[in-house]
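S.K.: Sequence:
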Amino acid sequence: MAFVLGGGGVLGAAEVGMLGALLDAGCRPDLVVGTSVGAINGAVVAADPTAAAIGRLTELWSDLGSSEVFAGGPAKRLATVVQHGYLHSNAPLRRMLHQHLAATFEELPVPFQCVAASIERAAAHWFGQGPLVDAVLASCAVPALLPPVKIDGEHYVDGGLIDSTPVGRAVALGARTVYVLHVGRIERPLRPGRWPWEAGLVAFEIARRRGFADAMASLPAEVAVHVLPVGGGNGAPLLGLRYRSAAGVRRRIEQARQATAEYLERIGTGVPPPASSVSATSAEPASAAPSRPPVPPAPPAPPAPPGISGSGRAR
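Here the sequence shown is numbered in UniProt numbering, starting from 1 and rising by one per residue.
Note that these hints are calculated values from the structure, not bench results. A hint or two may mislead.
[Stated by the list, open to error] Label pairs and their in silico Cβ distance ranges:
no.	residue 1	residue 2	range
1	E106	A51	23 to 31 Å
2	P192	E106	42 to 50 Å
3	E120	R250	39 to 47 Å
Backbone N, C-alpha and C define an ideal beta-carbon position, used for all residues, glycine too.
Model the full assembly from the supplied sequences, consistent with the hints where possible.
M.R.: Listed below in structure tokens is the structure:
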């Protein structure tokens, strides 16, 4: 069983609610795969797939708006852009990650991988061993917002540029039941932007959606994929630069948790929930993408490519 956590900036708080509902239902992952902000959420839950991790993530997200991660007024940000080519230093985010994450991938009880985009090779690079913070920081390095992260002589930027919802990676590592945690934007209609930066965001969103659709269309028949519902909590505009706003974090978390809990109850997970689990309630179940019913596991997939840690296989 794999959890796949996609990117989405401040909207990624919804993933915390989805994780809470999954754990309440007794779903413990054998593999966690994440990109961009999903790499942060994924690394925390891979370290401790219990309600305690949800509490830590809720606190982290609630503090994000008041932290120094994206601090600085317009004048300071303009000076940083002129001098360095990006808006913010990644030092505050690095400090925050050191406070919340394990030191290495090997310390995580649940196998975890995250992706970043290599500038030199124009290709995806999957991290699954060695220092954890640098890898997650690289996966979150949004171009122009944060600087590229240099690891072993190579520069990396946000993994969402190359694989924003890495379902295919989870399947390649052996997952046969996959829960996809996204931020509720895939189904929302796009429109032309009025400003140059909006045109860039639209272009990125088109590529992101096309990549996810292609990955879903190419899944083996024996793989069951559940795209979890986000509820009504991610109504923020698709086009905009309010990346520093943490407004509505708790609302997003709760609505995603409720919608996902109802979805899991409707489909049945085949896993007995823990004794302490409390079912969320709502008048109507949120919509979610249909999934194929689970089937017996397929024969083992080929080993991962060289350079990727052998972190075990997922059911």
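S.K.: State the violated hints by number, sorted upward, taking the hints as numbered earlier in the document.
M.R.: Hint check: nothing fails, all pass.
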